[in-house]
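Count the sequence shown with this note's numbering and you get residues 9 to 148, in order.
To be clear, the hints were calculated from the coordinates, so they are not data collected in a lab. Be a bit skeptical, because a hint or two may be false.
What the hints assert, rightly or not - Restricting the straight-line Cα-Cα distance to at most 25 Å, the calculated cross-link-like pairs of lysine-lysine (BS3-like) are: (1) K64 to K107; (2) K24 to K14; (3) K113 to K128; (4) K15 to K39; (5) K21 to K39; (6) K107 to K128.
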Amino acid sequence: IYERDKKVFFKLKERKNISFLGHKNNGERYKYLSFFDIALLCACPNEVELKASQLKFWEYVAIGLPIVGIPVEEYVDYEWFYAARSELEWEEMILRASKENTPGKKAQRIEFARWNTWEKRVQQISDLVREVIPNNRESL
9 IYERDKKVFF
19 KLKERKNISF
29 LGHKNNGERY
39 KYLSFFDIAL
49 LCACPNEVEL
59 KASQLKFWEY
69 VAIGLPIVGI
79 PVEEYVDYEW
89 FYAARSELEW
99 EEMILRASKE
109 NTPGKKAQRI
119 EFARWNTWEK
129 RVQQISDLVR
139 EVIPNNRESL
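Produce the entire structure from the sequences given, and follow the hints as far as they go.
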């Protein structure tokens, strides 16, 4: 826990409806996530966080969860990403994401993640390189 978060952490820990489970390995983590209705992508909205691709985002999308989070540049245009730009918007976006979460949208998110794996991205880059650099060495 970061020093800046300790005060809030201990305040939340006192609540009866919140449980802190500690570190979980990947296999366990996905079991827990399968019971979530929505995912939260929380971070301090600084210049780096607002521009960085987050691994958590891709983990959440891969299991079909709608995501509420800080307005990360890369994600704000996805219809199933709910950007919260203020404290009031967090509550608003959480309610909206929950209300709009349908089996069809879940399937769209999972399909989107399938097309954005490292393997697919490498294939896309390889295809572009092949277009630019012909197979015929004589033309080089």
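Tested hints:
1. Using a Cα cut-off of 25 Å, the hinted pair K64 and K107 holds, with the two alpha carbons roughly 22 Å apart.
2. As the CA atoms of K24 and K14 are separated by approximately 18 Å, the hinted pair is consistent with the 25 Å bound.
3. Restraint check for K113 and K128: the C-alpha separation of about 22 Å stays at or below 25 Å, so the hint holds.
4. About 29 Å separates the Cα atoms of K15 and K39, which puts this hinted pair outside 25 Å; it is violated.
5. Taking the CA atoms of K21 and K39, the gap is about 22 Å. The hint holds against a cut of 25 Å.
6. For a cut-off of 25 Å, the pair hint linking K107 to K128 is broken: about 32 Å separates their Cα positions.
In the structure shown, a violation is registered for the earlier hints numbered 4, 6, in ascending order.
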